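> Sequence:
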Amino acid sequence: NCTGHGSCNYKLNQCQCDDGWGSPAESLHIRHRPSPSCDLRVCPLGKTWASLPSSATDAHSALAECADAGICDRDVGTCICFDGFRGRACEYRDIASSCARRCSGKGRCVATRYLEDRSDGLPLSAGGVEYEGEGVAWDGERIFSCVCDSSWSVGLGSGERQEAEWFGPDCSLRRCPSGDNPDTPVDETDCSGVMARGGRGTGSAGNICHHDCSGRGTCNHVNGTCDCFADFYGVACELNRLR
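Per our numbering, the sequence shown runs over residues 1 to 243.
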């Protein structure tokens with residue numbers, strides 16, 4: 001009786017399983033039929049992470065159980081995703097599992113294609129990056145990362161800083177107060193014309209470089225406080241006792 005999950009083709013003496021149990025349509029995308037008697041589940045299908053590009057504009061379009069990024073639990077028909085992947089079919093890539101940790105409560109989980117619309121999306125860019133959706137930029141809505149919070153504006157514009165207050169893959173680290181090094185003739189906080197990390201854009205006039213502890217102390221990135229070197233003091237170690 002095909003375990004109650006299919007119908008018997010008596011001429012061929014084989015079961016034609018229902019959807020979710022290894023149906024003919026599902027069998028096109030799974031490497032091995034789970035069970036000839038339809039007693040094992042099939043897991044959700046997703047665009048595989050493991051296939052090769054088929055053209056200049058088409059990649060990872062073939063379907064596979066758990067998107068080839070997880071193991072199918074055939075008793076219940078659900079995917080057990082590998083680390084860094086999530087979704088019913090493990091179809092989403094979560095950089096460093098940061099989104100699974102909710103960006104430590106200090107950021108937002110954003111799909112790659114939407115980073116172009118944000119002035120604070122890393123790497124900072126002066127523009128010219130476009131995502132046109134699935135089929136052109138295949139990863140646009142499949143790979144996610146954190147955009148970390150900041151108490152100051154982040155970007156390449158005037159009055160914006162090139163670094164966010166919270167940082168790291170999961171936004172768990174905090175930058176220390178910033179200041180200009182009192183021992184140098186240049187202003188280390190001036191990012192006008194300075195290439196941002198990642199090499200995609202430079203700071204415009206009035207753009208600000210973040211300089212932890214003014215370069216005269218060690219930053220504790222756990223709590224965002226400075227441990228100043230000898231003879232320096234202030235929240236950003238910006239003052240010198242010898243002057």
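Honestly, the hints are just simulated from the structure, not real lab data.
Since the model is a prediction, treat every value here as computed from it, not as a measurement.
Wrong hints could be hidden among the right ones.
DEER-style ranges, computed between Cβ atoms [as the list claims (entries may be wrong)]:
(1) Pro53 to Asn220: 42 to 48 Å
(2) Ala230 to Phe82: 28 to 34 Å
(3) Asp75 to Ser27: 18 to 24 Å
Below, in silico cross-link-like pairs of lysine to any residue (SDA-like), each with a Cα-Cα straight-line distance of 25 Å or less [said to hold, decoys possible]:
(4) Lys47 to Lys106
(5) Lys106 to Ser27
(6) Lys47 to Lys11
(7) Lys106 to Ala62
(8) Lys47 to Ala62
(9) Lys106 to Ser61
(10) Lys106 to Trp152
(11) Lys47 to Gly140
(12) Lys106 to Thr78
(13) Lys47 to Ser61
(14) Lys106 to Gly121
(15) Lys11 to Ser27
(16) Lys106 to Gly224
Cβ coordinates follow ideal geometry from the N, Cα and C atoms, glycine included.
> Could you work out which of the previously given hints the structure breaks and list their numbers from low to high?
Hints 2, 4, 5, 6, 7, 9, 12 not satisfied by this model.
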